[in-house]
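S.K.: Chains as they are written, first to last, in this note's numbering: chain H, 1 to 386; chain C, 1001 to 1386.
None of these hints come from the bench; they were simulated from the model. None of these values were measured; they are calculated from a predicted model. Any given hint could turn out to be false.
Said to hold, decoys possible - In silico lysine-lysine, DSSO-like type, Cα no more than 27 Å apart, as pairs:
1. C:K1043 with H:K220
2. C:K1028 with H:K28
3. H:K224 with C:K1220
4. C:K1301 with H:K224
5. C:K1031 with H:K28
6. C:K1224 with H:K220
7. C:K1127 with H:K31
8. C:K1028 with H:K301
9. H:K220 with C:K1124
10. H:K122 with C:K1028
11. H:K127 with C:K1028
12. H:K28 with C:K1127
13. H:K220 with C:K1127
14. C:K1031 with H:K127
15. H:K328 with H:K354
16. H:K328 with C:K1220
17. C:K1122 with H:K28
18. H:K301 with C:K1224
19. H:K83 with H:K56
20. H:K127 with C:K1127
21. H:K124 with C:K1328
Residue strings, one per chain:
Protein chains: 2
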Amino acid sequence: MNNYNYCVPTDIRFGKGQVECLAEEIGKVGKKVLLVYGGGSIKKTGLYDKIYDVLKGFEIFELPGIEPNPKLSSVRKGAAICKENGINAVLAVGGGSTIDASKHIACSAFYDGDPWDLVLDKTKAVKALPVFTVLTICATGSEMNPGAVISNEETKEKLEINTPILYPKLSVCDPTYLFTLPPRQTAAGTADIISHIFEQYFQPNDGAYITDRLSEAALKTCFKYGPVAMKEPDNYEARSNLMWTSSIALNHLFTFGKGGAWSVHPIEHELSAFYDITHGEGLAILTPKWMRYVLSDATVKRFATYARNVWNVQNTDDYEAANEGIDKTEQFFKELGLPSTLGEVGIDDSQLSKMAAEAVRTSGLSDRAYVKLSAEDVEKIYRMCL
Amino acid sequence: MNNYNYCVPTDIRFGKGQVECLAEEIGKVGKKVLLVYGGGSIKKTGLYDKIYDVLKGFEIFELPGIEPNPKLSSVRKGAAICKENGINAVLAVGGGSTIDASKHIACSAFYDGDPWDLVLDKTKAVKALPVFTVLTICATGSEMNPGAVISNEETKEKLEINTPILYPKLSVCDPTYLFTLPPRQTAAGTADIISHIFEQYFQPNDGAYITDRLSEAALKTCFKYGPVAMKEPDNYEARSNLMWTSSIALNHLFTFGKGGAWSVHPIEHELSAFYDITHGEGLAILTPKWMRYVLSDATVKRFATYARNVWNVQNTDDYEAANEGIDKTEQFFKELGLPSTLGEVGIDDSQLSKMAAEAVRTSGLSDRAYVKLSAEDVEKIYRMCL
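Start from the sequences and build out the full structure, keeping to the hints where you can.
M.R.: So this is what it looks like as structure tokens:
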């Protein structure tokens, strides 16, 4: 088990009606709030009105229109509003993108230069406004972690800022807000949660037994409730289990005592960057192929353990068990209606080598991943997905 | 899944050599430290000298001699030292008792009246000195939770104070400090960890699937590594897995979305109070008997699930599976060298009805427990242990 520092100070308010707490909790830090949200679905669902109802007596400024991959230009707008109006708190109502933008705004509010500087050098982010979140999509875990991914439209870079001052102060996680989530987003979100757990589970493990067993518990939960949430969007049990699993899937609990670079996320990253496809769909396409590609004598035991502990595979032959587990994973994504080939999301072979080179260049794939991958390896994995 | 508030701000520094961080981290709050410890084993192991070495340049005041069940008189002494000397931080080096006393001291330092007032009315505990801990016994989880159990020698009461201001600021969890733990304490500590998980696992569950699977992961870890730590006291993998499991076993993760009163702890509580036996030993005696007593048509499914998911019991008959799981639990405690009857710890039948009445009077056993128990029920469980 590796040495590990763990500190997750976010106050989680989980369950029906918890949004009511915002008046008291935000009230502790001030009355001027920047409300950040996305495309306006919160107006259709009534959550927007609910927020205004709860925050009666507060002075609310708005930054709507946060993009699915939040842009630096939005962060700049938000930071300017904060500075001009002496904002006390940033309230993100939405999913990972809205929360990520809000975090970046929160630290940019105390920085005199351009917000992008903080992404390039996080030591410049020394202070942040308290961020409150109301989660409406569960997938990224941003509501309970200190990371934010921002896209710079000018330089075409998509980078993360990650520093402890960006843990949300408080997150409202009300599973009923997921009831209106369309099936496609439910499926893609579930694939994203699963991939987050895989990225930590498939890493070198020097005896972090408890961490791997906790990860398996979370994987079982996704595999059990993903299909239920697809068929019954207002199933509270399914939504609540997925929602909490999503939060703990990316708050370091499943990497405690472990370490290493992620594998499938950076490979997918380029698909989204080049073709603007849905992140969770890209992950669903790539994950089973990546598993087959890296399966070897060095990794078979871990894949067999995954198959046996998560899918209850009884096969005593390690390779056969491993392949059964991978088959079941692939089948699961298909049953959620997720694509399994690049063709289905409109990607041909014209950019594969370029994307592969970028994936390796911008990540730890070639030196710190579970199985080290060169650009040639990554291109082969892309080709397996055609 | 029940509504749930979850916020665990303690900074965990886990692994070899992490004690070095104390100079920097305590330094952030001041230079005057109250060092709290127990019977002096830290002097034998060299940890005491190490602390002084790390905290060179700090002004260290000492409160040694904290009892296994920490006494109010010790808390009074500690609070007086804090007030008289303008202490900035309380540093607990030891196990749960030392940490509990330190927490109570930390909030008493800001209270003008007697520390016991805060136990009787926690709303009077409004502020606390930051508590830092260096863990040398893993069992109670006090290093990562806001509770402290204190014994009042005058009134013979043993009560808990539990309020968010008592979360330790930072806890050093170095598994190598467990290498010198005697087998008996290792066994009793492991039984305590297991019981903490049971108390949360065996509660009404309205769909908190993820929480129960996480609990099973932790139980498997205890059952795997408890015996290893007994045979190989310096096995880092075993000690580290038990240490981290111990911390998360009692920081609300395993009760997330659930709720209800504990069962075996209050029944054991009276054994320790009347006969001063080791808490973990009392739990090992009582737990399997309690399981057999509450096993019924209403609970059999949960006990069968426990048996199958934790012990890999394959029996498809629920009652048979449940009983196999209970047998394995009982056998496990015996293999750790723990007692399985009250006679072994010198307890006869003279006080059973009195203890049973107290157990029910001072707890939620009769109205909020997984299976509600009257004083007659509790006495029957005691008699099963004779």
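S.K.: Give a verdict on every hint.
M.R.: Now the hints, each set against the structure:
1. The hinted pair formed by K1043 (chain C) and K220 (chain H) fails the criterion: a straight-line CA distance of about 46 Å is larger than 27 Å.
2. Proposed proximity of K1028 (chain C) and K28 (chain H) is supported: the alpha carbons are some 25 Å apart, at most 27 Å.
3. Note on K224 (chain H) and K1220 (chain C): the hinted pairing holds, with a Cα-Cα distance of about 21 Å set against a maximum of 27 Å.
4. For the suggested pair K1301 (chain C) and K224 (chain H), the alpha carbons sit about 19 Å apart, so the restraint of at most 27 Å is met.
5. For the proposed pair K1031 (chain C) and K28 (chain H), the alpha carbon gap of about 30 Å is over 27 Å, so the pair is violated.
6. With a C-alpha separation of about 21 Å, the suggested pair K1224 (chain C) and K220 (chain H) falls inside the 27 Å cut-off, and the hint holds.
7. For the given pair, K1127 (chain C) sits about 25 Å from K31 (chain H) by alpha-carbon distance, which is consistent with the 27 Å threshold.
8. For the given pair, K1028 (chain C) sits about 46 Å from K301 (chain H) by alpha-carbon distance, which is inconsistent with the 27 Å threshold.
9. Annotation: proposed proximity of K220 (chain H) to K1124 (chain C) is violated, straight-line Cα distance about 44 Å (limit 27 Å).
10. Our distance criterion of 27 Å between C-alpha atoms is met by K122 (chain H) and K1028 (chain C), whose separation comes to about 21 Å.
11. For the hint pairing K127 (chain H) with K1028 (chain C), the CA-to-CA distance comes to about 17 Å; that is within 27 Å, so the pair holds.
12. Proximity of K28 (chain H) to K1127 (chain C) is assessed by CA-CA distance (about 17 Å); at most 27 Å being required, the pair is judged to hold.
13. For the hint pairing K220 (chain H) with K1127 (chain C), the CA-to-CA distance comes to about 42 Å; that exceeds 27 Å, so the pair is violated.
14. Proposed proximity of K1031 (chain C) and K127 (chain H) is supported: the alpha carbons are some 25 Å apart, at most 27 Å.
15. Proposed proximity of K328 (chain H) and K354 (chain H) is contradicted: the alpha carbons are some 31 Å apart, above 27 Å.
16. About 25 Å separates the Cα atoms of K328 (chain H) and K1220 (chain C), which keeps this hinted pair within 27 Å; it holds.
17. Note on K1122 (chain C) and K28 (chain H): the hinted pairing holds, with a Cα-Cα distance of about 21 Å set against a maximum of 27 Å.
18. Annotation: proposed proximity of K301 (chain H) to K1224 (chain C) holds, straight-line Cα distance about 19 Å (limit 27 Å).
19. The hinted pair formed by K83 (chain H) and K56 (chain H) meets the criterion: a straight-line CA distance of about 23 Å does not exceed 27 Å.
20. For the given pair, K127 (chain H) sits about 24 Å from K1127 (chain C) by alpha-carbon distance, which is consistent with the 27 Å threshold.
21. Taken as a hint, the K124 (chain H) and K1328 (chain C) pair is broken in the structure, with Cα atoms around 56 Å apart against an allowance of 27 Å.
The structure does not agree with the numbered hints 1, 5, 8, 9, 13, 15 and 21 stated previously, though it agrees with the rest.
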